[in-house]
Structures are given as structure tokens and as C-alpha cells.
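Participant: Each chain is listed here by its residues.
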Amino acid sequence: TQLLEQSPQFLSIQEGENLTVYCNSSSVFSSLQWYRQEPGEGPVLLVTVVTGGEVKKLKRLTFQFGDARKDSSLHITAAQPGDTGLYLCAGAREYGNKLVFGAGTILRVKS
Amino acid sequence: DAGVIQSPRHEVTEMGQEVTLRCKPISGHDYLFWYRQTMMRGLELLIYFNNNVPIDDSGMPEDRFSAKMPNASFSTLKIQPSEPRDSAVYFCASSFVGNEQFFGPGTRLTVL
Chain F
15 TQLLEQSPQF
25 LSIQEGENLT
35 VYCNSSSVFS
45 SLQWYRQEPG
55 EGPVLLVTVV
65 TGGEVKKLKR
75 LTFQFGDARK
85 DSSLHITAAQ
95 PGDTGLYLCA
105 GAREYGNKLV
115 FGAGTILRVK
125 S
Chain P
7 DAGVIQSPRH
17 EVTEMGQEVT
27 LRCKPISGHD
37 YLFWYRQTMM
47 RGLELLIYFN
57 NNVPIDDSGM
67 PEDRFSAKMP
77 NASFSTLKIQ
87 PSEPRDSAVY
97 FCASSFVGNE
107 QFFGPGTRLT
117 VL
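Going down the list, the protein sequences come from chains F and P. Numbering-wise (the working numbering), the first sequence opens with residue 15 and increments by one. Numbering-wise (the working numbering), the second sequence opens with residue 7 and increments by one.
Relax, there's no trap hidden among the hints.
With a Cα cut of at most 25 Å, we get these calculated DSS-like pairs of lysine-lysine:
#1 30/P - 112/F
#2 70/F - 112/F
#3 84/P - 30/P
#4 30/P - 74/P
#5 84/P - 112/F
#6 112/F - 74/P
#7 112/F - 84/F
Some chain F residues judged to face chain P by a derived CB distance under 7 Å, without partners named:
#8 55
#9 56
#10 59
#11 112
Reference excerpt, derived from the structure (chain P facing chain F, CB under 10 Å, subset only):
#12 15
#13 39
#14 43
#15 47
#16 50
#17 54
#18 61
#19 62
#20 65
#21 95
#22 97
#23 98
#24 107
#25 109
#26 111
#27 114
Everything labelled a hint here was simulated from the structure, so no lab data went into it. These numbers were taken from a predicted model, which means no experiment stands behind them. The C-beta atom is built at its ideal place from N, Cα and C for all residues, glycine as well.
Given only the sequences and the hints, what does the whole structure look like? Please build it.
Facilitator: Here it is as C-alpha cells:
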């Protein structure tokens, strides 16, 4: 049973479109992280959110942590082929503790 | 600065053989994590260390898997004997105090 449910599992869109990836749980997390992984490489941290309701922006990427700290979303504006990859959310129950990863969303942006 | 270093990058072995995967964490990091990634199960935490001491090994599949961290700059994950179902990409990650983890490039293990 996945503690963190990600949706959609797979997304194929055209360059320039917008998209949102969701990460949901029935558990409360002290923090939630988003990673991006390219083929043949390890996941790379994009952002960490720690406060309920927090919104962080990283260029065309907007991350939001739910008020109850049980869910999060990643919104990409005007997607580009370079955004292609596997996006993983990961939650931590306690600071400094182990992370629980979602199954991931495979994003493919076609030019 | 060097990131997390893993070796080998690729390993092909036959069922029953011993496999040893190696990891050098980022200097100064006090947490080290071993993960396994497969298409079916995603990214799974196997074991993690804090200051070289194993804290949680509940993700280790069975007694065939063992991990050690003899010092702050080196860790090994050993599988003995290996089985085809152990085929996966194994990642090592390290972090400092908090839980922002930095991953190595992974070791792709194939057990025939």
C-alpha cells in the first residue's frame, strides 16, 4: 500500500501546455519534497515544502503543500521538452527521518 | 564538490553469486540511505544510517541482504546469494541533519 498516491502515473503533452501532478496521502507529513529523475540518473531534489499552505515557485514550476500537510501539487507552466522525466514526491514524518516516496509520474513533453 | 559516488555503475552476475555495491556519501553528511528502484515497486528504502549506525533496516528484503558503514565516507550493500528477483537499480543517498537527500547515479544490477 502506497502511503503517497501520485497521479497521473503517465502524462504525454505538447510543448507549451500546462500540467499539474498530484501527490495525496491520508497521513500528515512534517515536510514534503519533489524530485525529478532522468533515465540512467538518480533523483534530483527540486524543492522542499514544510508549512501547510506553502507555495514555492521555481521558474515555470509551482509547488504547493496542502493546508493539512497531507497533499501536494506540482504545476508546470508552458512545458518544454527539457521537463521530460520522472517526477517523484516524497514525504517525511519527522525531520531528519526517512522519506516515503510516491510511485512517480512519468512526464513526456513532445516538441 | 563531488556528489554521492557509487560503484560499480553496472553489475551483471549469475544467480547464487555474491554482489557488493559501494557508496561514498557527500563529505560532511551524517545520514546515508540505500534504496532499490524497480518498475513494479518504485523507489523503496532498504536501510539508513545516522553517524555510521544503522537506524532502520525494516526495508531490507531478507537475510540475503546486509549493509555496513565502517566509517563516515564509505558504505556497502551486499547480497549473498543473489537471485534474479534482486535485479534492480540500487541508489545510495546522503543528507546532512535534515531530510533533503542527495542521490548517487545508481548501480544497475542484473542477476541472470
